[in-house]
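> Sequence:
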Amino acid sequence: MVSPEGVRFRLGGHRDADEVVLALDFAVPGPTRFRRTRTGWSLRLDRPPVDRLEYQFVVRSGGGEQWITDPGNPDRVANPFGDKSEVRFPDYYEPGWCGPASATVPDGATEEAVHTPAGALEEAVPVRLWSPPGLDPDTRAPLLVAHDGSDLAERGGLLQWAARQPGPVRVALLDPPHGRRDTWYAAGADYADHVATVVLPELRRRVPVSAVVGLGTSLGAVSMLQVQRRHAGALTALALQSGSFFTADTDPQESGHPVFAALTGFVRTVADRADGGGTAAAGPRVLMTCGVVEENLGNNVRMAGVLARQGYRVDFRYVRDAHTVVGWRDTWSPGLDLLVAAGSGR
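For the sequence shown, this note's numbering assigns the number 27 to the initial residue and increments by one for each residue that follows.
Read the hints as simulated data drawn from the structure, not as lab findings.
These numbers come from a predicted model, not from an experiment.
Treat the hints with care, as some may be off.
Stated by the list, open to error - Beta-carbon label-pair distances, calculated as ranges:
no.: 1; residue 1: 159; residue 2: 98; range: 37 to 43 Å
no.: 2; residue 1: 101; residue 2: 65; range: 21 to 27 Å
no.: 3; residue 1: 192; residue 2: 72; range: 36 to 42 Å
no.: 4; residue 1: 231; residue 2: 278; range: 42 to 48 Å
no.: 5; residue 1: 65; residue 2: 193; range: 33 to 39 Å
no.: 6; residue 1: 58; residue 2: 344; range: 22 to 28 Å
no.: 7; residue 1: 282; residue 2: 166; range: 44 to 50 Å
no.: 8; residue 1: 72; residue 2: 148; range: 43 to 49 Å
Positions of the beta carbon are idealized from the N, C-alpha and C atoms, including for glycine.
Required output: the full structure, derived from the provided sequences and hints.
As structure tokens, this is what we get:
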């Protein structure tokens, strides 16, 4: 049962279980352990400062545990490691471009693979270039370059968002091959150089571009900022969502991550440089978003301040969500809309 004040979770059966726990991607002040009832298990959760929840139940018994979705809630959200159940509080609403009409990309859109050499990388960067229906191949338009592009398209509806822009926008979907994401996206200089000097020039060779907007989430946001820092003219604007801008003092819980040193080193380099490529009177536009319950919130606020002091035109938006694709998606309008519109002169 969902109300504006919270949620009552119930799980029937599982009488032999030792305990049932609510699994969220963020900490909450109240209990997450269910109490045993006559018919199963029950938990009352006071509403955290979010408009929706993604969750699972952890059923523990005999030293083992089983992660399950909520059998009493049919609403599901796809995640990389399996579906999660979803609760939407009464005041949550989807962006206007979502809904049944955005279930598919309109007929007439084109998509092509863009092949480039691997260069200094272990293997080539998989790239797909999408163009909206009716856009002449010789017409200049903004180009949105998205890290984790296929995932944002499949789970976030990125191409549906692009198709419903008032003016045409092309989208380049960049995907790390299996096993390469951490090393490429965690402030990897070779990867950033490759995107700026190999991938983007090839995209510009294929289609006329009025502006290039870089979109990255989590580690992908770090990498997109790295591209701009090393090649100031490569990107017109940036959209950095829930970036993993770790520092030793804001994120000690992440110190065991294999790329922690690389991330903290990059963040320190950004903060230490007086001129980050944005000290001109009109520096690059940067959209930054982060969920209000994310562990990354503190380091994102800090990075926003650093960039603003260096002349970047930062638009920081707090999101009443967690570290989720839906949370990122929900801020594309109007945040990402404005970046693309500026690139097209609208």
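> Quick one: which hint numbers does this structure break? Sort them smallest to largest.
5
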